[in-house]
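Visitor: Take a look at the letters that make up each chain.
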Amino acid sequence: MPGTHSIDADGMNGTKRSRTIAAGLLLALQASILMMVFSISAVAQEGLPSAKSGFEAKLEYCKTCHGLSGQGYLGYFPMPRLAGQQPEYIEAQLKAFIERRRTNPIMFNVAHVLSPSMISALANHFHHLNPPPFGGAPRSALATGKRIYDEGLPESNVPACSACHGAGGHGQNEIPRLAGQLYPYMIGQLAGWSKERGQGTAVDTSAIMAPTAHNLTRPQIEAVAAYVSTLQ
Amino acid sequence: MYEARKLGIMKRIGLKLAILAMVASTVPAAADDRAAVRNCTWCHGAEAQGYTVAPRLAGQRPQYIMSQIQSFHEHTRDNPFSRQYMWNAVATLSQYDVRDLANYFASIRPKPANDGDSALAAKGKRIFMQGIPEANVVSCYACHGPDGEGVRDIPRLGGLAYFYVKGRLEQWGQGYHSTAGSPMPLVASHLGPEEIEALASYLSFVR
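These protein sequence lines are chains A and B, in that order. Each residue of the first sequence is one higher than the last, beginning at 48 in our numbering. Each residue of the second sequence is one higher than the last, beginning at 151 in our numbering.
Simulated from the structure, these hints should not be mistaken for lab results. All of these numbers come straight from a predicted model, not from anything done at the bench. There is no bait here: all hints are sound.
Among the chain B residues that face chain A by a calculated CB cut under 10 Å, a handful are:
no., residue
1, Pro-283
2, Asn-286
3, Ser-289
4, Cys-293
5, His-294
6, Gly-300
7, Val-301
8, Arg-302
9, Ile-304
10, Pro-333
11, Leu-336
12, Val-337
13, His-340
All residues carry an ideal CB built from backbone N, CA and C; glycine is no exception.
So that you can see chain A by itself, here it is in the shape it has in the complex (with noise of 0.2 Å):
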C-alpha cells in the first residue's frame, strides 16, 4: 500500500512502531512454531516411531507367523517357507490372494492392506534370506522323491520337478523355490492343487500346475514333499 509505505519512510508515531514491534513478534513466534514442527515430524520421517518402523514392523507381522529368519513355521496350519523365495513368485501370489484367485481367507486378510512397493520390498528381503530347511519330513521315500524330482513320471504323465524348478528346486522368476519348503505344506499344496489356486480365471498361471498336481498319487506327493523339503 503506499500509503503506509509513505509513512514508513516518513517515520511512525509511536502506537503504530510498538503495534509493528508486536506484530513482528507474532510473525517470529509463529515462524518458530512451525520450524519447531517441522523439526519434529522431519525426526518421525527418518524415523523412531512412524516411518522406519513401517518396514520394519511388517516384516515382524509377516515373521511372526513365517518363522523369525523366513524358515517356515508349523501353527495349525503349516506357514510356507518363504527365505530365498523368488520375488517375483512372492509378489504374485500376494497379488493373487487379493484379487481371491488364491483361496486362503488368512493371507486375504495379510495381503490386502499391503501397498504395491510393501509388497516389493517384503519379497526382496525374504528372497535374501537363506536359514537351513525346516526339516522334520520322514526320510524313508526320499530316494523315489528324489527320482520323480529329476525325472518325473512318463508313464504318468508327469514331467521332472527339476525341467522347472531347477536342479537344486531354487526355482525361477514366477516359478517357486521349492528348496527347504515344509513337507506338511509341500503335500497340502500339491493335494489340493485346485482348490486352492487359479480361482475364478482361466489365465492364472497356476494352471499350469493342475494337471501335474493331479496325475500324482498321494505316496509319490509325500515323497517329493519330502525330497524337496531337504534340500538346502
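Based on the hints, put chain B in the right spot on chain A.
Guide: Just chain B now, kept in the frame of chain A:
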C-alpha cells in the same frame, strides 16, 4: 550255566511285564486317585476346569501341558503366579508323572468359562479370525485353529477364563517369558488393552 542265564532273562522279562501291567492299570482309570493329581486339583479345580487364577487344564493339549511343566521346571515361564506356585509344584515330578498327568488332564472334557463381556465377543472373534492387518496384529486362528482348539504344543484357548487369557496376553507385553522360541511375545506386543479384553471375552465363550 545256560539254565541259570535263561532263568535270569525270564526273571527280567517278568519284572518288566509286572511294571507294564502296573503302568497300564494306573494310567487310564485310576489316575485321579494319585497324589500328584490331587495336588493339582487344589488350585485347578476338582474337575480341572480351572479356578480363579489357575487355568483350566481339562481338554488342554497334552504336548502343551508337558512343555509348560518343563518351562516351570527350567524356570523359563516366570510370571508371578508361576514363580509363586508352579516352580515348586512341578519340582519333584518325574518325566513319567508329567506324561501321565498331561494325558489325564487332556482326556477330561473341557467346559467354557463363559465369564467374559458378551458385548465384546463379536469384536474379539473378528480379531481372532482376521487379526488387524493394518496394525500388524496377526490372526490367532492361523496357529490356534478355528475354534481355538490348539494342536500339538500350541494350546487350546477356546473356553479359557477371561482373567487368565487377559493376564497372559498382558504379561507378554510386560516382559515375562514362557516357552523358549514362542512367537507369543511378538504377537502380544501389538495388542492394546481393548483388543486384549475383546479377545479374552470372546474366547471365554468358545466351546
